[in-house]
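K.L.:
What follows is the residue order along each chain.
2 protein chains.
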Amino acid sequence: MPTLLLSRKEVSALLNMGAVIRAVEQAFGDWAEGRGTMPPKSYLSLEKGDFRAMPAALPGAVAVKWVNVHPQNPSRGLATVMAVIIYSDPDTGYPLAVMDATEITAFRTGATAAIAAKYLARRDAHVLGIFGAGRQAYTQILAHAELFDLREVRVYDVRPEAVQRLIGLLPQFRLGACSPEETAASDIVCTVTPARAPFFKKAWLRPGTHINAIGADAEGKEELEPDVLKGSVVVVDDLRQASSGGEINVPIARGLYSPQEVYTSLGEIVAGQKPGRTDDRAITIFDSTGVAIEDVAISRLVYEQAKSGSYRTIDLVG
Amino acid sequence: MPTLLLSRKEVSALLNMGAVIRAVEQAFGDWAEGRGTMPPKSYLSLEKGDFRAMPAALPGAVAVKWVNVHPQNPSRGLATVMAVIIYSDPDTGYPLAVMDATEITAFRTGATAAIAAKYLARRDAHVLGIFGAGRQAYTQILAHAELFDLREVRVYDVRPEAVQRLIGLLPQFRLGACSPEETAASDIVCTVTPARAPFFKKAWLRPGTHINAIGADAEGKEELEPDVLKGSVVVVDDLRQASSGGEINVPIARGLYSPQEVYTSLGEIVAGQKPGRTDDRAITIFDSTGVAIEDVAISRLVYEQAKSGSYRTIDLVG
Chain A
1473 MPTLLLSRKE
1483 VSALLNMGAV
1493 IRAVEQAFGD
1503 WAEGRGTMPP
1513 KSYLSLEKGD
1523 FRAMPAALPG
1533 AVAVKWVNVH
1543 PQNPSRGLAT
1553 VMAVIIYSDP
1563 DTGYPLAVMD
1573 ATEITAFRTG
1583 ATAAIAAKYL
1593 ARRDAHVLGI
1603 FGAGRQAYTQ
1613 ILAHAELFDL
1623 REVRVYDVRP
1633 EAVQRLIGLL
1643 PQFRLGACSP
1653 EETAASDIVC
1663 TVTPARAPFF
1673 KKAWLRPGTH
1683 INAIGADAEG
1693 KEELEPDVLK
1703 GSVVVVDDLR
1713 QASSGGEINV
1723 PIARGLYSPQ
1733 EVYTSLGEIV
1743 AGQKPGRTDD
1753 RAITIFDSTG
1763 VAIEDVAISR
1773 LVYEQAKSGS
1783 YRTIDLVG
Chain B
1473 MPTLLLSRKE
1483 VSALLNMGAV
1493 IRAVEQAFGD
1503 WAEGRGTMPP
1513 KSYLSLEKGD
1523 FRAMPAALPG
1533 AVAVKWVNVH
1543 PQNPSRGLAT
1553 VMAVIIYSDP
1563 DTGYPLAVMD
1573 ATEITAFRTG
1583 ATAAIAAKYL
1593 ARRDAHVLGI
1603 FGAGRQAYTQ
1613 ILAHAELFDL
1623 REVRVYDVRP
1633 EAVQRLIGLL
1643 PQFRLGACSP
1653 EETAASDIVC
1663 TVTPARAPFF
1673 KKAWLRPGTH
1683 INAIGADAEG
1693 KEELEPDVLK
1703 GSVVVVDDLR
1713 QASSGGEINV
1723 PIARGLYSPQ
1733 EVYTSLGEIV
1743 AGQKPGRTDD
1753 RAITIFDSTG
1763 VAIEDVAISR
1773 LVYEQAKSGS
1783 YRTIDLVG
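Residue numbers (this note's numbering), protein chains in the order written: chain A, 1473 to 1790; chain B, 1473 to 1790.
No wet-lab data here; the hints were simulated from the structure.
Computed from a predicted structure; not experimentally measured.
Accuracy of the hints is not assured; some may be wrong.
Copies of the same chain are indistinguishable here, so a pair counts whether it falls within one copy or spans any two.
To be verified - Cut-off 35 Å, straight-line C-alpha distance, at most; resulting in silico cross-link-like pairs (DSBU-like, lysine-lysine):
1) K1702 - K1746
2) K1746 - K1520
3) K1673 - K1693
4) K1674 - K1779
5) K1779 - K1481
6) K1674 - K1746
7) K1520 - K1481
8) K1779 - K1673
9) K1520 - K1693
10) K1693 - K1746
11) K1702 - K1779
When you get a sec, could you build the whole thing from the sequences and use the hints?
P.N.:
Now the structure itself:
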């Protein structure tokens, strides 16, 4: 029994955002109901970047993702983030596939935010606002378009050329370059920037907005003014991870916010253990840090499609 | 730049025990002197087996090993333990190679025990005793033969056929089937069994013996009577890991032994921060749990040899 090898191009061709969203939503429900296993990520910090080992299991699937963040890579013609998944048989440990997970990582982040918006945004949400026109913006828009009738996508970035590039990449949607205030005045706002200090102002907030706070994914990172959290309904993917490295980490470290103020986790809402949005005027915030069960769910989807196809294989451990 | 793919057969052909021992010894020294990074292993327990994600970095190298233990595998014609390493460029995060690590895991365990014996056994050690004639026994003998003039190897196993098979595999050494007492009366004793209760008796101990206690690598596992530890010089690979899952874990949990009684770590001895054996009559014990820096050191060795060869590659993340 050989191990399947799936390159980035091959994985990309197998990814369909609708199917990815369904798989990730199922994974959050399974996890909340005790059918998933996810030990904490292992972090490894080196001089020029860091690495994370992210293992997790879901029914019928187990995998580890090995992902790096090297901010100086673009100057060398390499992506900042690259990822590989080893996908194994939970019953024997056999490595069924080794696959690129760079695209999986981008898809799962978009998919998870859209799932959060499904439960937390207003039902009549039609305007999406994006802060940060980098790689993550693309999959955020694709994912929200699967679940919402997007009449308008407002985009702000400190680099106007990045906004124009994104507009060019997504001609099928009504994207427009907007001011920060205009972008913030959307029904659903996604913050996908590398900011280390808050840029999203409390003064911009309108009642009924849902915010997907994506950018803060490590200690010391923060996109929203801490006051934005106050009085908002905050939902996390994983409370421990969010408290140490998500949007709430800096406010908690400064004593401005407490983990007890978090409403619940996305998994509990998906599983029906807690309701999502109940008030049209509430501000809701999803603090996304990225959890390995998302990656396992998508790698299972990719493997199940690929296993009967004609891809390269290697007798890796045999 | 493609990613190199190295199968088990290809890795095996590149492994040379002498070079492996030198690489692992260097790694322990580097780690003790602060030139290595190793977060704790991530454990994932499932119904039929468990998985460990083991990331670590050494100068110029970073990798994660994904390894399983599935005790029922032999009945399905599969190995109990299989392992894969993703070996990356520390400066960019690029996955330079994906390689089998099943043989690497066996080699590094043997190499580390032999390095411990180099510093802890008597200089005139010539007789090696092996408890447990399974897979690990083979690499224990190969490794000790690199550093000692082995005039005799005594082997005991509850399964006499396993002893005969091992003898057949190593015709170049003077192996013999022995009683437990004869095996224990060796200069260097390696315990490489899956025992969950102590079988090695205090009464068998002779002054000046060095014991490599290998088998206990998870909570609840134990090979030596707790009294064997008392009055002995105990050295660990990693104190935290040994305390929670090594030979000393059960005695510690029962209040029969304390982590403060451990003399030092192998890295500190290799780095010259603490002396090894100083008394010909002392009993020395190396408690081996297996640390990821060993795997990283060997994967670097394998990669450096393979990178200029003609092996398969894949444009995995490109």
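K.L.:
Indicate, hint by hint, whether the structure satisfies it.
P.N.:
Checked hints:
Proximity of K1702 to K1746 under the C-alpha cut-off of 35 Å is restricted to the intra-copy arrangement: shortest distance 20 Å within a copy versus 54 Å between copies. For the homomeric pair K1746 and K1520, the shortest alpha-carbon distance between copies (33 Å) is at most 35 Å, but the shortest distance inside one copy (42 Å) is not. In this assembly of identical chains, the alpha carbons of K1673 and K1693 lie at most 35 Å apart only when taken from the same copy (16 Å versus 56 Å across copies). In this assembly of identical chains, the alpha carbons of K1674 and K1779 never lie at most 35 Å apart, being 49 Å within a copy and 54 Å across copies at closest.
Proximity of K1779 and K1481 under a CA criterion of 35 Å is satisfied in both settings, with 16 Å inside one chain copy and 24 Å between copies. In the homo-oligomer, the alpha carbons of K1674 and K1746 lie at most 35 Å apart inside one protomer (27 Å), although the nearest pairing across protomers, at 58 Å, exceeds that limit. In this assembly of identical chains, the alpha carbons of K1520 and K1481 lie at most 35 Å apart whether taken from the same copy (27 Å) or from different copies (34 Å). For the identical chains of this complex, K1779 and K1673 are neighbours neither inside a copy (48 Å) nor across copies (51 Å), given an alpha-carbon limit of 35 Å.
In this assembly of identical chains, K1520 and K1693 lie within 35 Å of each other by CA distance solely inside one copy; the values are 18 Å within and 40 Å between copies. Taking identical chains as interchangeable, the C-alpha atoms of K1693 and K1746 lie at most 35 Å apart only when both belong to the same chain, with a minimum of 28 Å there against 42 Å between chains. In this assembly of identical chains, K1702 and K1779 lie within 35 Å of each other by CA distance neither inside one copy nor across copies; the values are 48 Å within and 54 Å between.
The structure is inconsistent with the numbered hints 4, 8 and 11, although it conforms to all the rest.
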